[in-house]
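Q: Single-letter residue listing:
There are 2 protein chains.
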Amino acid sequence: MKIYLRNSIVVWLLAGICLSSVVNAQQPIFKVIPLGVKGGLDERNLSAYLLAVNGTSNYIALDAGTIYAGIQTAIHKKIWNSTIMQSVLQDSIKGYCISHGHLDHVAGLILNSPNDTKKNIYAMPYCLQVLKQNYFTWQSWANFADAGTPPLLNKYHYVTLQAGKEIPLAATEMAITPFVLSHGVQYNSTAFLIRYKDAYLLYLGDTGADSIEHSHDLATLWNYIAPLIKKHALKGIFIEVSYPNEQPESQLFGHLTPHLLLQELNKLALLTGKSAIKKLPIVITHIKPSDDNEHIIQTQLFNNNSLQLQFIFAQQAVPLFF
Amino acid sequence: MKIYLRNSIVVWLLAGICLSSVVNAQQPIFKVIPLGVKGGLDERNLSAYLLAVNGTSNYIALDAGTIYAGIQTAIHKKIWNSTIMQSVLQDSIKGYCISHGHLDHVAGLILNSPNDTKKNIYAMPYCLQVLKQNYFTWQSWANFADAGTPPLLNKYHYVTLQAGKEIPLAATEMAITPFVLSHGVQYNSTAFLIRYKDAYLLYLGDTGADSIEHSHDLATLWNYIAPLIKKHALKGIFIEVSYPNEQPESQLFGHLTPHLLLQELNKLALLTGKSAIKKLPIVITHIKPSDDNEHIIQTQLFNNNSLQLQFIFAQQAVPLFF
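From first to last, the protein sequence lines are chains A and B.
Note that our numbering numbers the first sequence so that position 301 is 301, with each residue one more than the last.
Note that our numbering numbers the second sequence so that position 82 is 404, with each residue one more than the last.
Be aware that one or more of the hints could be misleading.
[As the list claims (entries may be wrong)] Computed spacing ranges between beta-carbons, pair by pair:
hint: 1; chain 1: B; residue 1: Val-507; chain 2: A; residue 2: Val-185; range: 34 to 40 Å
hint: 2; chain 1: A; residue 1: Thr-117; chain 2: B; residue 2: Lys-440; range: 50 to 56 Å
hint: 3; chain 1: A; residue 1: His-76; chain 2: B; residue 2: Leu-474; range: 18 to 24 Å
hint: 4; chain 1: B; residue 1: Ala-492; chain 2: A; residue 2: Pro-151; range: 37 to 43 Å
hint: 5; chain 1: B; residue 1: Leu-474; chain 2: A; residue 2: Asp-291; range: 26 to 32 Å
hint: 6; chain 1: A; residue 1: Ile-84; chain 2: B; residue 2: His-536; range: 34 to 40 Å
hint: 7; chain 1: B; residue 1: Leu-474; chain 2: A; residue 2: Glu-173; range: 29 to 35 Å
hint: 8; chain 1: B; residue 1: Lys-440; chain 2: A; residue 2: Pro-168; range: 45 to 51 Å
hint: 9; chain 1: A; residue 1: Thr-117; chain 2: B; residue 2: Pro-490; range: 45 to 51 Å
[Claimed, not checked] Computed list of chain B residues with no C-beta within reach of chain A, every gap over 12 Å:
hint: 10; residue: Lys-360
hint: 11; residue: Ser-414
hint: 12; residue: His-536
[Said to hold, decoys possible] Below, in silico cross-link-like pairs of lysine-lysine (DSS-like), each with a Cα-Cα straight-line distance of 25 Å or less:
hint: 13; chain 1: B; residue 1: Lys-552; chain 2: B; residue 2: Lys-477
hint: 14; chain 1: B; residue 1: Lys-454; chain 2: A; residue 2: Lys-77
hint: 15; chain 1: A; residue 1: Lys-279; chain 2: A; residue 2: Lys-118
hint: 16; chain 1: B; residue 1: Lys-553; chain 2: A; residue 2: Lys-132
hint: 17; chain 1: B; residue 1: Lys-552; chain 2: B; residue 2: Lys-400
hint: 18; chain 1: A; residue 1: Lys-231; chain 2: A; residue 2: Lys-155
Rather than coming from a laboratory, the hints here were simulated on the basis of the structure.
All figures in this text were calculated on a predicted structure; none of them were measured in a lab.
Just so you know, even glycine gets a beta-carbon here, dropped at the ideal spot from N, CA and C.
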């Protein structure tokens, strides 16, 4: 359960963690290239994470808020051998797993669809419905998918996911199991548990805390992954913290604060035991880019890290290895 | 009918126009700050043009594909005295004129709506319908407007425009007259004629040529503006050229090429006479950022400029003065 980073010393310094303590000789299993990490506003840098089995170039995009600008930034940072935008978009991204239909999670997919190649879009029915009824409609964009408003351009194939049921991710070595999340009043988002052989990574789309959402969705997810943490098969969790603790409860809009995240992770720790969850990499996503949010959220997490988790703050085009 | 540019020598060099020939002592009337100029794909740089009467800070946004990244780039280039993102978004932009509902013309407005202040959105009914039914729906985004899917957050007031009818732009010194454009099969876009006292500027959203669209929409517009050109009241035209001449007619998707633009401008010149239209600033927008499109389009326009127009290629955060 070690995490590997390249070109990200700043992240570690921010985390107050000594670089040498987290790099070891064990080969990482997963590689993640964040194409965008912020929770809204900044069109250059919205939620999108490319995930592949380390050593391959068969990526799946976990959400797709920013694609073009993220690939360009990554090319500029020499993340890939390729310097050709088109080849990364068309050849390396094998499909899209979309957590929910809010624009900051799909804009890059929609905007880049004219230059994309045939591939799958994986999502739960409530999310596919938004793609069909709101985006690929010929009113807001041409319909590049294989269902919804005709005529169908049939570039994207919609793959309908079922909660708790694993399916393979085509043209990659990975498989995916989705879980329903609650993201505000009568709105669902999705968590994706990705498996390669006996190793797992968990990505959560936007989510509120069970206590605020009057939901058991996170409890269900924690119950499912606790055994994987206990046997050290889960290599990391990507989860959102949109606002600092000061955000009023009435204005959370289905999001987490450091306090609420720690409340949830303490529930998870009750299931795993503290020693099993210790040092688990928790990658913080979706910070709203207003005021000094990022610094405040970092401080609020590090100052209350009694579980001794490894908090990582995702940065655009800074690869993460698990 | 002179055009003024700041920080844009590169544009002039590209245009092959001597800088000294276009700057004179006459005070410019309009100022335009492009926040985004490209025709799709690149989330950082999509159609959005801030327009104000020169000397004021009361801007209207003509389309809103990229807002946040455009303001940040302009702040970085010291375009404004303000270095505060929020104050430009909230205080300087007094309203939005949206030409049509395609995502590359509205994404910045939608994504920045949580941090915006109360203001008007001006659009034709076919465009407002897309905002209501596709974006501000609670499915793809919270409804920050004052009509459409409840609950209404009432931040934006929809102002329904009527073709050919002028109305004032609230909190600015300008008024606007819209014209219907044809943008592909059964899809309408809009041109906005903006007036300040007896001076005018014309901005066209995406449009095809009448000959391809089987339409008279551009002919109607040319007839309306020809008298303004003849009396030198029209200070410039913003119009799209999405593709080079090589784009097959069957794949124009309601857009223009250099050949088709020149075909249309020659029709306009028949109405104005060649001497009246000579040196009219024609700002080229919406070039698709693929391959070497920008350079090819520039060459194809300059090599066929028998009307002696002033072709300007809009650049993000490079102000234009008219």
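Q: Each hint needs a verdict: does it hold in this structure or not?
A: Here is how each hint holds up against the structure:
| no. | hint | in the structure |
| --- | --- | --- |
| 1 | B:Val-507 - A:Val-185: 34 to 40 Å | 38 Å, holds |
| 2 | A:Thr-117 - B:Lys-440: 50 to 56 Å | 43 Å, violated |
| 3 | A:His-76 - B:Leu-474: 18 to 24 Å | 42 Å, violated |
| 4 | B:Ala-492 - A:Pro-151: 37 to 43 Å | 40 Å, holds |
| 5 | B:Leu-474 - A:Asp-291: 26 to 32 Å | 27 Å, holds |
| 6 | A:Ile-84 - B:His-536: 34 to 40 Å | 38 Å, holds |
| 7 | B:Leu-474 - A:Glu-173: 29 to 35 Å | 47 Å, violated |
| 8 | B:Lys-440 - A:Pro-168: 45 to 51 Å | 49 Å, holds |
| 9 | A:Thr-117 - B:Pro-490: 45 to 51 Å | 48 Å, holds |
| 10 | Lys-360 | 10 Å, violated |
| 11 | Ser-414 | 16 Å, holds |
| 12 | His-536 | 18 Å, holds |
| 13 | B:Lys-552 - B:Lys-477 | 41 Å, violated |
| 14 | B:Lys-454 - A:Lys-77 | 40 Å, violated |
| 15 | A:Lys-279 - A:Lys-118 | 39 Å, violated |
| 16 | B:Lys-553 - A:Lys-132 | 49 Å, violated |
| 17 | B:Lys-552 - B:Lys-400 | 37 Å, violated |
| 18 | A:Lys-231 - A:Lys-155 | 40 Å, violated |
Checked against the numbered hints given earlier, this structure breaks hints 2, 3, 7, 10, 13, 14, 15, 16, 17 and 18; the rest are met.
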